[in-house]
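Chemist: Spelled out, the chains give:
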Amino acid sequence: MAAQEVASQPSDTLTTLKTESETLKTKLEEERAKLHDVELHQVAEKIEALGQFVMKTRRTLKGHGNKVLCMDWCKDKRRIVSSSQDGKVIVWDAFTTNKEHAVTMPCTWVMACAYAPSGCAVACGGLDNKCSVYPLSLDKNENLAAKKKSVAMHTNYLSACCFTNSDMQILTSSGDGTCALWDVESGQMLQSFHGHAADVLCLDLAPSETGNTFVSGGCDKKACVWDMRTGQCIQSFETHESDINSVRYYPSGDAFASGSDDATCRLYDLRADREVAIYSKESIIFGTSSVDFSLSGRLLFGGYNDYTINVWDVLKGTRVSILFGHENRVSTLRVSPDGTAFCSGSWDHTLRIWA
Amino acid sequence: MTINTLSQDGVQRQQMPCLTKMERMIISMQDPDMGIKLRNQRLLITVIPHKCSISDEEALHVGQLFVKYGYIYPLKEPRNLILKADDSSYRFQTPYYWMSTRWPASELDYAIYLAKKNIRKQGELIEYEKECYNALHKRINHTWDFVVMQAREQLRASKQRRKGDRIVLECQEQAYWLVNRPPPGTQDSIDHGPERRTTNTRVQLNSYHNHFYVKYCEQYQPHDPIMQGCLPSNPWITDDIMFWNMNSETVALPTKLRVERWSFSFMELLNDQMGRKEFLTYLEKEFSAENLCFWQACEDVRHGETAKIPEKVDEVYKQFLAPGASRWVNIDSKTMEKTLEGLKRPHRFVLDDAQMHIYFLMKKDSYPRYLKSELYKNLLARAIVPQETKKSVFPFMRRQRHSSPSPALATQTAEDDGKAKKTRIVTINNIKLKLNPIRKKKRFWDSQIYK
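Residue numbers (numbering that gives the first Met the number 0), protein chains in the order written: chain A, 0 to 354; chain B, 0 to 450.
Just chain A, same shape as in the assembly (with noise of 0.2 Å):
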């Protein structure tokens, strides 16, 4: 092909390819449409409703001099690890409220922190662009850096770092528009995933039997599920309004609840590779920063940038309730191990557990 024809042309085959894109893609929403019959809240009608909600502020733990941004519980069900922006990673027993470890990161904006299977370890990264490992010493008198493993480097920030079935290997995700799975030891790069537009923001691992999937969002407003051995992207979810910051899986595996800057969240059925449920109120217009579901899988928090937490039916698509308590931004919050409680970490520095 001469390199003059190809000059001519490219704006006009952009757009010709523009519209084509964008109209294989209604037709593609007009098939997914013919196969459904009802609607969830429909079926959720015959359900009984859920009575008067109370949960409360059962714990606040107090240390961080700035911003939570990121928390994770401990298989023990009581511990929980949180970093902040003044580069703080601190462990805490939030049963006793006790600090057990802190570490100082080289770098401001821990965005990612993780707590690994064992208990013996915690991951966390942020505008550093990695992620490390710190194994967990008992001795007060040794510096936690010092056993410091850098594991993964990206070309931008750390989002999410999150460990696997067990402590060798982590994945992350990051604002170069990647995620990646890692081994530890040797901080070697298992598999790279390349598919979102933008900023990755956040992931999260299936409780599947075979367990080999994990799903992502992004600033590109999409939600990737990716098999991690091919590292290919087999499922990709693009309704959102704005930048995803949060994504969780139900409990079973089988869907995964999505929250975004557009103040909603989404529930996406893997199976029927479709959105099942929204849930969104006119008087909710700041956006949802993280969303983690009960243990039932029928409550669905979500945590807010308009400083609450808002609880929702999942089946019913309604609001149980609304937490206040928070001082700034919910930032971060996830359900404990066992479902007794919900940690939510914010930008009034501090973290509550809530029951």
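No lab work stands behind these hints, which were simulated from the structure alone.
Please note that a few of the clues may not be correct.
What the hints assert, rightly or not - Derived CB-CB ranges, DEER-like:
#1 Pro221/B to Ser320/A: 19 to 29 Å
#2 Asp272/A to Glu76/B: 30 to 40 Å
#3 Arg344/B to Lys280/A: 49 to 59 Å
#4 Glu259/B to Lys280/A: 32 to 42 Å
#5 Ser320/A to Thr185/B: 55 to 65 Å
#6 His193/A to Glu340/B: 24 to 34 Å
#7 Ser99/B to Thr14/A: 49 to 59 Å
Unchecked claim - Derived lysine-lysine pairs resembling BS3-like cross-links, with alpha carbons at most 25 Å apart:
#8 Lys98/A to Lys74/A
#9 Lys315/A to Lys214/B
#10 Lys317/B to Lys284/B
#11 Lys280/A to Lys67/B
#12 Lys280/A to Lys20/B
#13 Lys148/A to Lys20/B
#14 Lys20/B to Lys55/A
Unchecked claim - Facing chain B, a subset of chain A residues (Cβ under 10 Å, in silico):
#15 Lys45
#16 Lys74
#17 Asp92
#18 Asn142
#19 Ser207
#20 Pro250
#21 Asp253
We treat Cβ as the ideally placed atom computed from N, Cα and C, and that holds for glycine.
Model the placement of chain B on the given structure of chain A, informed by the hints.
Modeler: Then chain B, alone, in the frame of chain A:
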């Protein structure tokens, strides 16, 4: 996150959709027919008129955000950016000073504002404003003449206005700067996270349902402590850790709910260490325990250290796959052939097919039979239903919140004893109590069931 950015191809992309929504609400509030009642130049905010039903508390909360983001400002205490639920007066901010129109607040504009104040008050600025003024003077010294000139010009122009208008304009300007340059010690409400880049895409919306969700939620509801409580009590509410003790990995007798849960799915059984042990006992009776052991060994390969993969795979082959192996697993010939071929170049997923085959074999065959077995039924019958512990009658008598041994300690001790790293079972006798001295006086397990 940026509020408005022009990306490279000139497409403007709004990343704070909340501002548009707030502005829409603010505009509708000022609608002469449907909006809030205004009085002269002052107005009252009692409730936000909206078609949806929201509580007063929520209405107040939304109103607070309007004040924080500078869309409404208080008249009496302008520096106190909160909405009070009384009859204090507020005014709508003019769109000229809305966040979406003037963001980010320009340094130059701030300099001019402070310069005006300085001239008017003849040098008597508030402490933090004085500091800002001096800092700006240093930083943009090269344009300072322009700043002072602008300030003088604006002051001159405002003198020519009616007193009422001038006061309003001064209030508006002050309110804008209180939001965009908050005094030290007050909350920076327009604080936002690190920069994000983005692109444009289109959206579609549809819905679909499957009765699955209803069934799942109903099945798990009794197990959901937030939905239905837990027995004896939720530790976070009553400060009593019995619930955790009774459900620990090494408890002598499990609770009924826990044993019932093993019947929900094969994955539930395997995810519980105790369930897995029980299942192994059953398989031993059936002479098919090697299946579960093989599955566990494969998991270890998949999730373990990369460096150890070749040696682990070799072990698995020797124990489970080699002809005449001591714990030979029964895989169909096709899968076996493929696996053996793959073993020549071992990698993390080389055993996946074989593992899946054995997993589904157990799931379809051994697992349903286990649920019908005497072993399971017996355990279910003996399983405990804990008594409910009510929260303390006297609210002041809070229970001692006991510490628990850190999981990190358990593994360290295990390592010291030369045991395998994988052992996560905590045995009381082995643990050296290095707990917080204040908590040392009480024994830390309340339950007598704990062995």
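Chemist: Using Cβ atoms only, decide whether Lys74/A comes closer than 10 Å to chain B, and label the hint accordingly.
Modeler: Since chain B brings a Cβ to about 7 Å from Lys74/A, closer than 10 Å, the hint holds.
Chemist: Quick check on Asp253/A please, does its C-beta sit within 10 Å of some C-beta on chain B?
Modeler: Holds. Min distance 7 Å.
Chemist: For the pair we were handed, Lys98/A and Lys74/A, check the Cα-Cα distance against 25 Å.
Modeler: holds (17 Å)
Chemist: Does Asn142/A hold up as a contact with chain B if the rule is Cβ-Cβ below 10 Å?
Modeler: At about 15 Å, which exceeds the 10 Å cut-off, the nearest Cβ of chain B leaves the hint on Asn142/A violated.
Chemist: In this structure, is the beta-carbon distance linking Glu259/B and Lys280/A contained in 32 to 42 Å?
Modeler: holds (37 Å)
Chemist: Under the criterion of a CB-CB separation shorter than 10 Å, is Ser207/A in contact with chain B as hinted?
Modeler: holds (8 Å)
Chemist: Does the structure keep Lys315/A and Lys214/B at a Cα separation of 25 Å or less?
Modeler: Between Lys315/A and Lys214/B the Cα gap is close to 14 Å, so the pair holds against 25 Å.
Chemist: Does Pro250/A meet its interface restraint, that is, does its C-beta lie within less than 10 Å of any C-beta in chain B?
Modeler: Where the cut-off is 10 Å and the nearest Cβ of chain B is about 7 Å from Pro250/A, the hint holds.
Chemist: Decide if the proposed pair is consistent with the structure: Lys280/A and Lys67/B, CA atoms, cutoff 25 Å inclusive.
Modeler: holds (21 Å)
Chemist: With a cut-off of 25 Å on the C-alpha distance, tell me whether Lys20/B and Lys55/A pass.
Modeler: violated (30 Å)
Chemist: Holds or violated: Lys45/A as interface residue toward chain B, Cβ cutoff 10 Å?
Modeler: Holds, about 8 Å.
Chemist: With 55 to 65 Å as the target window, see if Ser320/A and Thr185/B comply at their CB atoms.
Modeler: violated (30 Å)
Checked against the numbered hints given earlier, this structure breaks hints 2, 5, 7, 13, 14 and 18; the rest are met.
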